[in-house]
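*Asks:* Quick note, the sequences are listed as chains A and B, same order.
To convert, note that position 101 of the first sequence is 101 in the working numbering; the numbers rise steadily by one, no gaps.
Here the working numbering = 1-based position in the second sequence + 1000.
Straight-line Cα separation of at most 27 Å, BS3-like style, residue types lysine-lysine; simulated pairs: (1) B/1042 to A/14; (2) B/1042 to A/9; (3) B/1042 to A/71; (4) B/1002 to A/57; (5) A/71 to A/9; (6) B/1042 to A/57; (7) A/9 to B/1045; (8) A/70 to B/1045.
Hints in this document: simulated from the structure, not taken from any laboratory.
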Amino acid sequence: NAGVTQTPKFRVLKTGQSMTLLCAQDMNHEYMYWYRQDPGMGLRLIHYSVGEGTTAKGEVPDGYNVSRLKKQNFLLGLESAAPSQTSVYFCASSYFDSYNEQFFGPGTRLTVL
Amino acid sequence: RKEVEQDPGPFNVPEGATVAFNCTYSNSASQSFFWYRQDCRKEPKLLMSVYSSGNEDGRFTAQLNRASQYISLLIRDSKLSDSATYLCVVNGATQWNNNDMRFGAGTRLTVKP
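Please work from the sequences and hints to get the whole structure.
*Replies:* This is the structure in structure tokens:
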């Protein structure tokens, strides 16, 4: 099993450009999450999904959109990137809810110039 | 006040030492608690869950004090391989959302020969 994979691993964008980060999991998990991690701060939840076709806002959702069209995939979109979105983005999945262990992908390092 | 607070460290200890980390959380309704480990430039991985009665896994012991709203992690007989950042994670309930995990900024540990 590959676990949780993220594409791409690195990306540099210019302000105003758009992009989509892809997360895939092969563990048949219901729940999936997108976090960002900034220096000196803990991981902060952007959006999450409790099942195929569902999404919900987390702590810091502004500037991001998500979609979960297939159970195994969770996409994070930046419509108009800003320098404040420079961060490391982690995707995670869990079998059920937040009482269960979350399995993280390797992260995507995004720089917005 | 941050929702989950940790001493950022760094803690620099010799091999074989015992080291303890504390974490405080603000939401008295939180129901689940975890310690994750994150190696440099890697994704977080679950170290252990924290149960009300306290729990031990080899050299690691986790304690929960609901009255004072803090969690602790004790590492005995430190190994070089224990060098990492330790993340305190608390799930929200009512105040945040029970799918909303809140991460501390982490405590960095370096174990030296």
